[in-house]
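Asks: Given these sequences and hints, build the entire structure.
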Amino acid sequence: MILEMNKISKAFGSLKALDSVDFSAVHGEIHAILGENGAGKSTLMNLLYGLYCPDQGEIKLNRQRVQFKSSRGARRHGIAMVHQHFTLSPNLTVAENLALSCSKNKNPFFSPSKIKKWAQELADQHGLELDPSQKIEELSVGEQQRIEILKAIAQNCEILILDEPTSLLTLQEVAALFKMFRKLRENNKTIIFITHKVLEVKQLCDRATILKQGKVVETVVVSKTTEEELALKMVPKEGLFKPFKKDKKRSGKSWVELEKVTAKNNRNTVVLKDLSLKCYQGEVVSVVGVEGNGQKELVQVVRGRLKLDKGLRTCAVERIGYIPSNRQRDGLILPLSIRENFILEPYFLKECSSRGFLNHRRIERFAQHLIHHYSVATETDKKPVGFLSGGNQQKVVVGRELALKPQAVVAVNPTWGLDVESASYVYKQLLELNQQNVGILLVTIDLDEALKLSDRLYVLYKGVLTEIPTENWTSEKISLAMAGIS
Amino acid sequence: MDIELFNAGLRLAIPILIAALGELVVERSGIINISIEGMMLIGAFFSFWGVYATGVPWLGLLIGVIAAVLMALLFGVFTISLPCDQIIVGTAINLLALGLTGSLFRYFFGFKTTAQLPQISDFFFESLFWFLPLLLFIFINRTYPGLALKAAGEVPRAVETMGRSVRRIRFAAILFGGVCAGLAGAYLSVVHANTFVEGMTGGRGFIALAIVIFGRWHPFGLLAASLFFGCTLALQYKIQALDIKVPYQVVRMLPFALTLLVLALFGQKRGGAPKALGIPYEK
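The listed protein sequences correspond, in order, to chains A and B. Residues in the first sequence are numbered consecutively from 2, following our numbering. Residues in the second sequence are numbered consecutively from 7, following our numbering.
It is worth saying that the hints were derived from the structure and are not from the lab. A portion of the hints provided could be inaccurate.
Said to hold, decoys possible - Straight-line Cα separation of at most 30 angstroms, DSSO-like style, residue types lysine-lysine; simulated pairs:
no., chain 1, residue 1, chain 2, residue 2
1, A, Lys115, A, Lys180
2, B, Lys281, A, Lys118
3, A, Lys297, B, Lys281
4, A, Lys117, B, Lys281
5, B, Lys281, A, Lys136
6, A, Lys115, B, Lys281
To be verified - A few chain A residues that face chain B, going by a derived Cβ cut-off under 10 angstroms, partial list only:
no., residue
7, Arg76
8, Ser90
9, Ser104
10, Lys152
It should be emphasised that the depicted structure is a prediction, and the values quoted were computed from it without experimental measurement. Ideal Cβ positions, reconstructed from N, Cα and C, are used throughout, including at glycine.
Replies: So this is what it looks like as structure tokens:
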């Protein structure tokens, strides 16, 4: 047993992220931590890596109790974590990056040919094909990631933590990564693999610990279970969901129609394939699916922000309210005040200015109205949005986007990271609009939310949309479709 | 090109290249130091004062360098430890240096500017001119601290995860930049002019800053760029002496216009500039 984590608890404010979690890993295994977003996977591993301190519980490495105050301490004990952002210097070669991270108090001079040879040997030993004289900036994301892993190994790490390592990769790159993992396992390294993709767990891992809402559901031996079982265990609630009974009919007019749309992402890979979708006014259409299956591009297509490769988009409305998934990056400008964030919407900006100058009295009246109406908890509208809590930030976004009665709304994970109260507030706002015959497209990974709100429901998997008929609206069937098993 | 012109150009290029090489190291670490002008001026005054007071040229030179390094230390404390905006601190130090050297000069020497120094051979500076780029090239491309320097200006976080301190690297770079600026300033007063005049650097620090860009952050590039600039400067003096019927302002423009032209022709080549240049590193 190389690693034991016993009865680990951690709370952020009132949110209990981890509740008495037990976790252990042995030498030479690939251990998955499986769970939905917000299940506490990353929190658990950040604790192990010394980024957070646990409120309760103990961590033992090789039966020795340890406590890390920072990631430096964890690294000294042979724990490495590969994050989404890489820590390689793009202007140096592969060999230089590797050699630099392993050189300590040695002769300051190096010979380029020697470090090249050394890097090549290291790569061969761990099943990685590389050209050590290439500069990092010339490499793809997947290649950089593998070198990042190699770097961790070269620094004598025994436990390697990877947080959703496949989310940025193409299929070929995933295959190359998995090949490297298997080789590392042969070399007796321990790999902890954070993921929500059941398929990858089945393909790669020896054991899996399933987390759900901060608690361990079970630790299973992967070979003795099936994808279906795994998928079902990670879903928050089981059984049949009762959709809200909504007493109204479709207005008959569609606000957006996509016909056989094919589109590419910014890395030029096809992410939407032959996709058709029709959204009617007064109807909530949900698209559920695991992130990275084309949601981002679908939203861009619906909003008319992405060029289509093939197919047709017809849009009958002008003003589409947009609640982005990442409110801090795409929805708000954090250092600006609440007031200024409200008038980011071009229509409001026009309303609040005269002859090209801002009319601050009008802006203030308008901001006060929105703050009151959407009950944003703040003492002044001049406060930078970055100082608000997540829920209040979302209220600013929702307020701005919904206040002017948009003709349709695209909401992407609108309750992400919100507490129950704020979330139900957002639902209420959306449903209210819906009652007023506004079309709503909800793109979400939260099945629960989709089932509660939708009139129709689609699953997006690898760029293909599948409609789920109402009689199949059970978490089981939908989770399987989300994992590509059906 | 005749050898005389080249020698004149070389003498003009020496202080610029030495200061620029210091700035190269500073910028490679991710800091932009626009106060080389001020640090050169400090070096020029204090080395002059040192030689004048002690009568020993090398001791004077050392005093000048130490004074410039103290300035660099001040710059480092403000830009790294606090950290303040690098451009503002740089500007402040430029102004401080101008005022400080001017006042001290008047205090010690009154208004008589005829204080002459013993002649010093420029052999040391000439060899520095040729060998410092080579040494820096080897340092940057063949040693680990050199690699860490390059990484610090590109992805500082990467350096930190490699167990090296970005702050320490940047501080060391700034101090090296101070040594270079001090030497360059000392060359101006002690070797070149044999005296000190208020504001005698005359914008050479800023030219050094431009030379770093012109030479694309590469030691040999800087060598070529400074030689090019020095020679056109020498050419300009020569043309002025020839008494050709061209307004002298036009002739004086020549080095700058030519540099601009070369930059326009060859400057669009991508890359070179450290990506984290001017961005303070905070853990």
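Asks: Okay, which hints does this one fail, numbers in order?
Replies: Going through the list in order, the structure violates no hint and respects every one.
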